[in-house]
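Just so you know, the sequences run in chain order F and Z. Under the working numbering, the residue at position 9 of the first sequence is numbered 9, and the numbers go up by one with no gaps. Just add 1000 to the spot in the second sequence (first one is 1) and you have the working numbering.
Some clues are possibly wrong.
[What the hints assert, rightly or not] Below 30 Å or equal to it, Euclidean Cα-Cα: the simulated DSSO-like pairs (lysine-lysine) are:
id	chain 1	residue 1	chain 2	residue 2
1	F	K46	Z	K1202
2	F	K46	Z	K1534
3	Z	K1495	Z	K1506
4	Z	K1432	Z	K1534
5	Z	K1495	Z	K1432
6	Z	K1502	Z	K1432
[Unchecked claim] Pairwise CB distance ranges (calculated):
id	chain 1	residue 1	chain 2	residue 2	range
7	Z	L1430	F	W68	48 to 58 Å
8	F	V65	Z	G1303	17 to 27 Å
9	F	R71	Z	A1455	42 to 52 Å
10	Z	L1066	F	K69	39 to 49 Å
11	Z	P1125	F	E39	30 to 40 Å
12	Z	G1456	F	V65	51 to 61 Å
13	F	R43	Z	D1505	46 to 56 Å
14	F	K69	Z	P1458	31 to 41 Å
15	F	V58	Z	S1322	20 to 30 Å
16	F	K46	Z	A1244	48 to 58 Å
17	Z	L1335	F	W68	34 to 44 Å
18	F	A61	Z	K1534	49 to 59 Å
19	F	K46	Z	G1141	48 to 58 Å
To be clear, the hints were calculated from the coordinates, so they are not data collected in a lab. Beta carbons: idealized from backbone N, C-alpha and C, even for Gly.
Chain residues, written in single-letter form:
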Amino acid sequence: MDSAISCALSHLRDATYHQVSGVLPMTTHTNDEVRPSAEEWARRQKANVRLGYLFGAVAFALFLVALWKYRPL
Amino acid sequence: MAHDMAHDLPHDGAHDAHYQGGALRWIQTTNHKDIGIMYLIFAITMLLVGGAMILAVRAELFQPGLQLMQPELFNQLITLHGLIMVFGFAMPAATGLANYMLPLILGAPDMALPRLNNWGFWILPPAAIMLVLPFFLGLMGIGPGAVDTGWTMYAPLSVQSGWGMDFAIFSVHMLGVSSILGSINVIVTILNMRAPGMTLFKMPLFAHGFLVTAILLITIMPVLAGGVTMVLMDRHFDTHFFTAAGGGDPVLWQHIFWFMGHPEVYVLLLPICGVVPHVLSAFSRKPVYGYRAQVYGMWGIGGLSVIVWAHHMFTSGMSTGSQLYFMYSTMLISLPLAVLFFCWIATLWRGSMTFETPMLFAVGFIILFGWGGLTGLVLADAAADPQYHNAYFLVAHFHYALYPTTVMGAMAGVYYWLPKWTGHMLDERLGKIHFWIVMVGFNLTFIPQFLVGLAGMPRRIPDYPLMFSEWNMLSTVGAFILGVSHLLFIYNVIKCVRGGEKAQDKAWEGAEGLEWTVPSPAPYHTFETQPTIK
């Protein structure tokens, strides 16, 4: 029993040092700032507006559904 | 249109900020940092307003009998406290953190929809005024006073209540719209404004927490808006959604409210589940443990949160089958939550830990929220719930769930990123004193409430039997200590804004992430040229 616990703790210790997922999400970012990108952000802005309308429409539809579902008979 | 939007984009961060001076800057701004600051100032203001209201309530409860106020005023105070803290403090505080930090963390120049961002914020102040105005008018003898139904606004009381209820309905509508606009902005920013190379699974956990939260909000807030619209129609247009005499059903309101109300708990929790790993990782000097497990855990919590609402209604009458379903599904949420707890603790495991103020608040959050979670399991038991329902045990439980998240978790985040915002290190000594006063004050307030609740003291009652008086005295003393601690927090923040030791770009030794690659304080415009993520 003791050895099982010891083995589990050992595995946990190793895992915390070696991140089983292979992703180190808070340590791999760098800020090289190599590309000028005003055009890139402007291009994305069009998609932003479309996505904004989409989620706005979803929210409004849910509001209408909530009212319609329980409408007085 | 696209051309105009290109012009909306912030210019080179090295140049002048070129914003209007004075009040116009704050009214017209579309800068995420400005708007984030305004959200946070609004939130702390509402924390003080809602806190002052509940201190008046605790003063009344210091002794049995009616000392300071009549029950009508007591009801208004507890109702406004709940609504203000949830919609006026906790949600704007989270949105403020998201606004300031998301672009910095994702490597974006701003939020995706800056004008919508400005609009989303400026809906809040009039909504808050609308909520509390009837209260102050009532104090001056004008009108029946504020909404007095409890924050749950249960029918038929909400249908019969005075016109403070109408103000509350419109206020909730506006707060809901603000929240939805903020959520749309968060979702679009996360989906479409990440720096190249930052895939969803390289994205920091902060962003995952806010993504799940925003999707939850878009799902639940329109339903609450529909619900309060029905109440408004019942009150003024002779519909009978919730009036039994006209064929309606008061319990329908409970279903609609808690369909919003229960996920709301996770709306308040999940942003903090995103903040805390950053703090734990930085002060343990280790990468977060179980990144993917935490992401899946947050999504699991978000998904389960919308299918468990009726555990709030065990005593309103439902079939045994329904009770069993809602009991087990509620208990199921503890599994992804336990995964998060495990990952947080494993992040600390064998780390080179130091306990600066943000770390103290993060660890304090884990411990106290753990108590909130465990007592929640007790309440989720359909057989045991009738003993605790509407007793002070419940009040203590949800304060253990909500205060550590919305206040202590948020303060962990604020203390952690404050050097990045102000360019100065905070006063560590004051921060630590603040933490320990919070711990003493909070536990002194709410541990007695567990005990009087178990003994049968009901909530929302201004008077109580003599047998509960000692615990109530202690609870009141604790509440005032807790209240004072917030003033210390505000003083510490102001002190940090005004000066102090200069913060380096990377203010904390173990801190990692894009936000620490820009100067402290962060320039008015950041990441106009995209960072690359390896």
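Against which earlier hints does the structure fall short, listed by number upward? Of the numbered hints, 4, 12, 13 and 18 do not hold.
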